[in-house]
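Given next are the chains, with one letter for each unit.
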Amino acid sequence: MSGPPGEGPVTPGPVTPGPDGPQSPGPGTPQDAGTPAIATSASGDAPPPASGGEETAQDGRQPFGRIILESIVEGNSAMVTTLAIVAAIVVGGLLIAFTDPVVLTAWSNFSANPGNAFAQAWDSAAGSYSAMFEGAIFNPHTIAAVFQQASLASALHDGYVSAVFNPLSETAVNATPLILAGLAVALAFRAGLFNIGATSQWIGGAMLATWLGFGVSLPPFIHCVVCVIGGFVGGAVIGWVVGVLKARTGAHEVIVTIMLNYVMEYLLSYLLGTSALGKPGSNDLISPNIAGSAVLPHIAGPSLRINAGFLVALAAAVGVWWLLSRSTLGFEFRTVGANPSAARAAGMSVERTWILVFLIAGGLAGLSGAAVVQGTDHFLTFQSYGTYGIDAITVALLGRARPLGTVLAALLYGGLYAGGVQMQAVTQTPASMTEVIQALIVLFVAAPAFVRALFRLRGAKAGGEGQTLAKGWSG
Amino acid sequence: MTAVASVIRAPRTVNRRLLTAAAFAVLGLVDVFVFGHLAHAGDATFGLSLPGAAVTVPSLHVPAAPVAYALGAASIVLAIGRAAVELGQRVRRVTIAAVLLFFVVALLCWADAGNAIPLNLVNLLAVALSSSIPIILGAMAGCLCERSGVINIAIEGQLLFGAFGAAVVASAFGGLWLGLVTGSLAGGLIAVLLAVFAIRYMVDQIILGVVLNVFALGLTDFLFDRVLTPYQNRLNSPATFASVKIPGLGDIPIIGPIFFDSTIFLYITYAVVILVQVGLFRTRWGLRVRAVGEHPTAADTVGIRVLGIRYRQVILGGLVAGIGGAYLTIGSVGSFGEDMSSGLGYIALAALIFGRWDPLGALGAALIFGFATSLEQILSTLGTALPSNILLMAPYVVTIVAVASRGGKIRPPKADGKPYVKA
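Top to bottom, those sequences are chains Z and V.
Residue numbers 1 to 475, in this note's numbering, belong to the letters of the first sequence in order.
Residue numbers 1001 to 1423, in this note's numbering, belong to the letters of the second sequence in order.
One or more of the hints may lead you astray.
Unchecked claim - Here are the simulated SDA-like cross-link-like pairs (lysine to any residue), alpha carbons at most 25 angstroms apart as the crow flies: (1) V:LYS1414 x Z:PRO297; (2) V:LYS1414 x Z:THR82; (3) Z:LYS279 x Z:PRO297; (4) V:LYS1414 x V:GLY1361; (5) V:LYS1414 x Z:ALA345; (6) V:LYS1414 x Z:THR249; (7) V:LYS1245 x V:ILE1378; (8) V:LYS1418 x Z:ALA345.
It should be emphasised that the hints constitute simulated quantities derived from the structure, not laboratory data.
Produce the entire structure from the sequences given, and follow the hints as far as they go.
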C-alpha cells in the first residue's frame, strides 16, 4: 500500500476521470464536501492511507489526490470482489467434496491411504466445477465435434457450431432477468432506498406483459414492443405504490415491499385461477401461451435460446447509467441517497424523488418479468417469479449498485445457474450449490469492504460500496 | 423524464383519521354486501368443544345473514364516528379491534351459513395459536435484537437453520430434546454471523440480513439435496413432540383446549413472551438494553458495555428464533423440507414492526397473521366459494394499511441499525 500510489508522478493539467469513469463524482457533487476532511484525518492516525493522504496534504491538489485515492480503492474493490469469488468457490468446493459419499469413505480410511483421500476430494470438487464451467462458458467436446465435421459449412448447418455457443447463450438467458431486476434494486440503492420488492414488481410486469401477449392481436414487431412496454408499466405501477406510500405516509419501504411481494404472489395465483389470466379449460394455475407475434426474437439462430431480451437488458443498463451519471434527475437521485437533508436544503423534493425512483425501479423489475415471459417461458405460472427478486438484491450488492457492475454480477450469476444445471446432470452435485456460492460471494464482498471503509477510507469512496447503501430503518 | 416528473404532484400527507375511517367503512360494506347479502339462507353453526372433551359445550346457532348485516352496520357507524370525532388513543384501539372482530365474525357466518357441518371455533383458534408459534418466537427474536440497536432481517434464516438442525439431530440421535437444543443453537449460529458482521465489521444490517437468509436457504437446500434425500430414513425422519395437557387448566371448556393442550413449544412461547416483556421493561437488564438501542453514546458514558450487550442480544435472539424453527420440524410435521420456513421470518419481522417493537404488540400482530393462515386452512375444508388466495392476501394488505395509516408514529429504537463506534 505504501509504494507506487504515493510516489506516483504528479501530472499537471486537466485530470482524466478515474478508472471507475462515469461513477466517479465530478467536482460539485455532494460527496465532495466530505473528502478533504477525511483525507486530513486519515493522515493523522492509521498508517495505510498516509501515503495517499500526505500526497494530498503536500501539494494541496485535492482533486488529483482524491483520484489517486480512488484508484487505489477501486483496484482494491475489484481485488476484493475477485478474492471473494475465489474464496466462495473454495468453500463451495470443500462443501461439495465433504458431502460426497465416495470422498467420505476415502477419508474414513485416511490413515491407510492419505493420498487417496485427498485425490478423491479433489476429483469430486474439480469434477463438479469443470461440469459447471462446461455448462456456463464452453464445452471442449462440442468444439472437437465441430472439427470432426467434413466442412465448416456442414458443421454450421447441422448445428454443431451453435452447440459450441450454447453454454454462453444459456448464461446470457439466465442473466437477462437478473440484469433487469438487479438494476431495479441498484437504482433504489443509489437513492438510499431498499427495494426488497423486486418480486412484486416482477409479477406486476409479467402479468401485464402476458395479458397483452395473449389477449391482444397486433402486427409482429409492434406487439412485441407493446408487451415489453406493458411489462415496464405493470412493474412501475407496483413500484409507484411503494414510493407514494413512503412519500405521503412515511411507511418504510422495506416493510411495504416485503408485504407487497406476498400480496402480488397471491394475486397472481388468484388471477391465474380466473378467466382473466388463466388458461381456459385448465385446472393448473397457468396462463395461455402468448401469441407468436409477442415473442422476443432469437438473436443467434433458432437453436440458441438467447433472445432480444438480453439486448433490452443491456439497453436498460445503459439507460440507468445515463440516468444516474448524465442527467439532472439522476443527480437528484444520488443527492437524496447521499444526504436527504442536504438535498432538501438545496431545493430538491425528496418525496418526489422517492416516488420517481420507485416508479423507474419498478418498471425495470417489470421488464425483467416481461423478458422471462416473452423471451423464454412464453406463459406465466404461479411460480414463475422464482427467486429473481431476492437474487436481484445480491446481484446489485455484488455489482456495487452500479449499472456495469450489476451487468457483470448478473452474468456471473447467470453462468452459475447455467453451469449448475450441467453440474447436476453430469455429477449429481445438486444445482442448489450455486445458491451457496452466490451467498458466500456477497458475504465475503460485504465484510472487507466495510473494514476498509471503517479503517482507511471512510466516506472518501463517494458512490462506492459504503455510500450507496442506506443505513437503518430511518433510511 | 421531466414530463413524468411534472405529473407527480408535490408531497402531501394523507389525513390519517379519514384513512382509518375509510378502511372501517370498506370493511363494513364488505360485511353487508358480501357476507350478508351473498350468504346462504339458514343458520351458521359454531362448534365450541372438541370431540372427547370432559365438559361438552353445546354448539352455537346464529342466523347468518342478519348477523352479518348487523355487524356491517355497526362497523359503518364506527367509521362515521371515527371520521367525525377525535377519539382518545385507547378508544381508537378498541374501535380498530372491534371492526376487525366484526369482519371476522361476519366472514365466519357467511362461510358456514346453511352448512350442515358446524365450524369448530375451538379447533380454529387452537390451530391459529400453534401456527403463530414460529411467528411469535421470530418476532421476539427480532425484538431482543432490535431493542439493542441491531436490525434483524435474518429471522428467516434463523428459523430455517433451526428447523434443519432440529430435524437432523432429532432424527440421527433420536432425542427430541436434543433436537430442540440443536435447533436453538443452529438459529444462534446465524445470529453469531449476524452479530460479527454487523457489530464488528459494520456491514449494513438490512443487506446483511437478506444475504444471511439467502445463505441459510442455499446451504439447507444443498444439504437437503445432497445428504438428507439419500439418507431420508436416518437423517430426516424425526419423531415429533406430543401434546401435553396441563392438568386442571386443560379441562376448562373452550379455553383449555386452545391454550393449555399443546406441544411444549406453546408453553416455551408463553415463557419467552413473558420473559421478554418483563425483562425489557421491568429489569435492569432491559433498561440497559433499551438504553443501548436508543442512545449508545449515553449508555457508554455511564459505563454500559454497548457492544457486549449487542452481541448478547443478537445471539439470544438467534437462540429464540432457532426454537421457533425447531417447531416447524419436530413440533409439527417432523421431517425437514426445502425452504420450509417459506417467508415466516419476514412475517415475524412485519409483526415486530406492526407491533411497534413492543413484545406484546408484536405478539398481537403475530396472532393476527397466524389466525389468517389457519382461517384459510379451515375454510378450504368447508369448501366455501371465497378464493383462498384473496384471504391469504388479507393480512399483508392489512399490514400495509396499518403501516401507512400510522407510518409516522411507528418509531424504531433510535439507534436501530446504526453501528456504534466509540468516540
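Verification of the hints:
no. : hint                  : in the structure
1   : V:LYS1414 x Z:PRO297  : violated (53 angstroms)
2   : V:LYS1414 x Z:THR82   : violated (37 angstroms)
3   : Z:LYS279 x Z:PRO297   : holds (24 angstroms)
4   : V:LYS1414 x V:GLY1361 : holds (18 angstroms)
5   : V:LYS1414 x Z:ALA345  : holds (23 angstroms)
6   : V:LYS1414 x Z:THR249  : holds (19 angstroms)
7   : V:LYS1245 x V:ILE1378 : holds (23 angstroms)
8   : V:LYS1418 x Z:ALA345  : holds (24 angstroms)
Figure legend: structure checked against the earlier numbered hints; hints not met, in rising order: 1, 2.
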